[in-house]
Structures are given as structure tokens and as C-alpha cells.
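Here is what each chain is made of, one letter per residue.
Number of protein chains: 2
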Amino acid sequence: MVDCLFCQIVQRKIPATVVFENEHVLAFRDMHPQAPVHVLVIPKPHVSSVSEMTPEKMGLWEKIYQAAQQIAKQEQIDGSGFRLVVNNGPNAGQAVAHLHLHVLGGRRLTWPPG
Amino acid sequence: MVDCLFCQIVQRKIPATVVFENEHVLAFRDMHPQAPVHVLVIPKPHVSSVSEMTPEKMGLWEKIYQAAQQIAKQEQIDGSGFRLVVNNGPNAGQAVAHLHLHVLGGRRLTWPPG
Chain W
1 MVDCLFCQIV
11 QRKIPATVVF
21 ENEHVLAFRD
31 MHPQAPVHVL
41 VIPKPHVSSV
51 SEMTPEKMGL
61 WEKIYQAAQQ
71 IAKQEQIDGS
81 GFRLVVNNGP
91 NAGQAVAHLH
101 LHVLGGRRLT
111 WPPG
Chain B
1 MVDCLFCQIV
11 QRKIPATVVF
21 ENEHVLAFRD
31 MHPQAPVHVL
41 VIPKPHVSSV
51 SEMTPEKMGL
61 WEKIYQAAQQ
71 IAKQEQIDGS
81 GFRLVVNNGP
91 NAGQAVAHLH
101 LHVLGGRRLT
111 WPPG
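Residue numbers (the working numbering), protein chains in the order written: chain W, 1 to 114; chain B, 1 to 114.
Warning: the hint list may mix true and false statements.
[As the list claims (entries may be wrong)] Calculated pairs, DSSO-like style, for lysine-lysine (alpha carbon to alpha carbon, straight line, at most 27 Å): (1) B:Lys-57 to W:Lys-63; (2) W:Lys-44 to W:Lys-57; (3) B:Lys-57 to W:Lys-73; (4) B:Lys-44 to B:Lys-13; (5) B:Lys-73 to W:Lys-63; (6) W:Lys-63 to B:Lys-63; (7) B:Lys-57 to B:Lys-44.
[Stated by the list, open to error] Chain W regions said to be covered by chain B (calculated; three or more residues, Cβ under 8 Å): (8) 5-16; (9) 66-80; (10) 89-97.
[To be verified] Now the stretches of chain W that chain B is said to cover, found in silico as 3 or more residues with beta-carbon under 8 Å: (11) 44-53; (12) 56-63.
Just so you know, the hints here were simulated from the structure itself, not pulled from any lab data.
Backbone N, C-alpha and C fix where the C-beta goes; we use that ideal spot for every residue, glycine too.
Based on the provided sequences and hints, a complete structural model is requested.
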């Protein structure tokens with residue numbers, strides 16, 4: 001998508017601090033971190049939201065979560081714990097219309113989750 | 001797992017308000033709801049946490065998210081928006097050691113997510 005911020009990060013047209021990459025996904029640090037570790041994992045193909053995941057793209061979830069597990073190890077939060085969050089649509093405050101999984105750790109996270 | 005609360009819900013030994021079920025996953029209302037809609041989606045096989053997802057079980061993520069999309073439609077929060085949350089380990093406050101995806105909607109969710 002030409003106007004998509006995250007597609008432009010995938011294409012390296014906009015800079016980001018990349019922490020993980022493979023052929024399916026890219027992960028980079030959130031520009032407005034809400035915890036000592038705050039990384040976004042996105043699928044490289046453009047998918048706007050959870051609701052727009054079609055059956056043929058559902059396999060991307062496995063790739064996204066494999067990356068999240070790897071990132072938790074890299075960032076050394078797999079022992080202390082972490083929260084994974086996906087916002088979908090207006091009530092959740094989804095800020096960029098390209099699917100992304102937030103990985104938050106390095107501090108105690110409270111309940112409710114927003 | 002004999003002593004797992006959620007395995008016992010899967011086996012119908014402990015009651016829950018089930019909203020969705022297929023051969024792979026079960027979904028039921030959270031006993032301590034944090035939003036007008038608050039449903040938990042769990043895989044039927046016992047997996048204790050994100051960190052314990054093995055390569056051969058990773059396909060469960062697709063099943064969990066397919067269910068979440070279906071539940072968002074059933075609960076009529078797919079238009080207004082919803083937040084999906086997975087807690088892993090102590091810092092996230094994971095309360096039951098059986099993997100579960102929280103589906104929260106029906107109100108504006110704030111940021112940060114806990």
C-alpha cells in the first residue's frame with residue numbers, strides 16, 4: 001500500500017529500529033514505547049486489521065507469534081513475562097491500518113489492559 | 001492436565017458460559033469481565049503459555065484467531081473495535097497456566113494497555 005506507514009518501513013523508505021526480520025514478518029521498536037521493551041511485529045504483506053485477515057492469510061499468525069517468541073528471548077523478557085496486544089478498530093485505538101502485534105515487557109503490566 | 005482449570009472447562013467438569021466451540025478451540029465469558037464484552041479463547045490441547053508453544057502446535061494460533069474474528073462478529077463488536085490480549089508469565093499477570101486470548105470490546109479501551 002503506497003500510503004501505508006508500515007509498508008514504507010518494510011520497504012526501508014522510513015527508518016525504524018529493526019530487531020527481527022525474516023521473509024514473512026518485520027519487527028521494530030515502537031516510536032512511543034509504553035514499557036522498557038515495546039516492539040511491534042508486523043506481517044510484510046499489507047493486511048489492514050484482524051478483521052481483514054482472509055483464510056489464505058491466516059497462516060501469518062503463526063509467523064507473527066514465532067517472531068514474538070524469538071523477540072521475547074532476544075530482549076530477555078521471556079522469563080519475567082510479557083503482554084501481547086493487537087488493537088482492531090476505533091474502540092481499541094488502532095493507530096496504523098497495518099496489522100501489528102505489540103510485545104510489551106520489562107515492567108509489571110496492570111489489569112485491565114486499557 | 002488434571003489440575004488445570006481451563007482443561008476442566010473444556011471437559012465440562014467446571015461450568016462456563018461458552019460462546020463458541022469447534023474441534024480446536026473453546027471460547028467462554030471471562031468470570032471477571034473488564035469490558036462489556038470479555039471473552040477468552042483457548043486451545044483445547046493444554047499449552048501453558050506463549051513461551052511453551054512448540055513448532056508443531058503453532059498452527060493453533062490460526063485457529064484461535066479464526067475464532068476471535070467469528071466471536072467479534074457474533075458479539076457485534078467487529079465494527080466498533082476490540083482489543084486482543086495474551087498475557088505470558090509473571091510481569092503480565094497471567095492468571096491461569098493454560099494459554100488464552102482475551103477478546104475485549106464494547107467500550108473505549110485506553111492506552112497503555114496496562
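These are the hints, each one checked on the structure:
1. As the CA atoms of Lys-57 of chain B and Lys-63 of chain W are separated by approximately 12 Å, the hinted pair is consistent with the 27 Å bound.
2. Straight-line distance between C-alpha atoms of Lys-44 of chain W and Lys-57 of chain W comes to about 11 Å, which keeps the hinted pair within the 27 Å bound.
3. Under the criterion of a C-alpha separation no larger than 27 Å, the hint pairing Lys-57 of chain B with Lys-73 of chain W is consistent with the structure, at around 19 Å.
4. The suggested pairing of Lys-44 of chain B with Lys-13 of chain B holds, with an alpha-carbon distance near 14 Å, which does not exceed 27 Å.
5. In summary, the hint linking Lys-73 of chain B to Lys-63 of chain W is supported, as the alpha carbons are separated by about 25 Å, within the 27 Å threshold.
6. Among the hinted pairs, Lys-63 of chain W with Lys-63 of chain B is consistent with the structure: their alpha-carbon atoms are about 14 Å apart, no more than 27 Å.
7. Restraint check for Lys-57 of chain B and Lys-44 of chain B: the C-alpha separation of about 11 Å stays at or below 27 Å, so the hint holds.
8. As drawn, the segment 5-16 of chain W meets chain B at 0 residues by the rule of a beta-carbon pair under 8 Å; below three, the given contact is violated.
9. Counting residues of the segment 66-80 of chain W whose CB lies closer than 8 Å to any CB of chain B gives 8, so the stated coverage by that chain holds, three being the minimum.
10. Requiring three or more residues with a Cβ within less than 8 Å of a Cβ of chain B, the coverage given for the segment 89-97 of chain W holds, as 6 such residues are present.
11. Evaluation of the coverage hint for the segment 44-53 of chain W: fulfilled, as 3 residues show C-beta separations to chain B shorter than 8 Å, against a requirement of three.
12. Proximity of the segment 56-63 of chain W to chain B, defined as three or more residues with a beta carbon under 8 Å from a beta carbon of that chain, is established by the 4 residues found.
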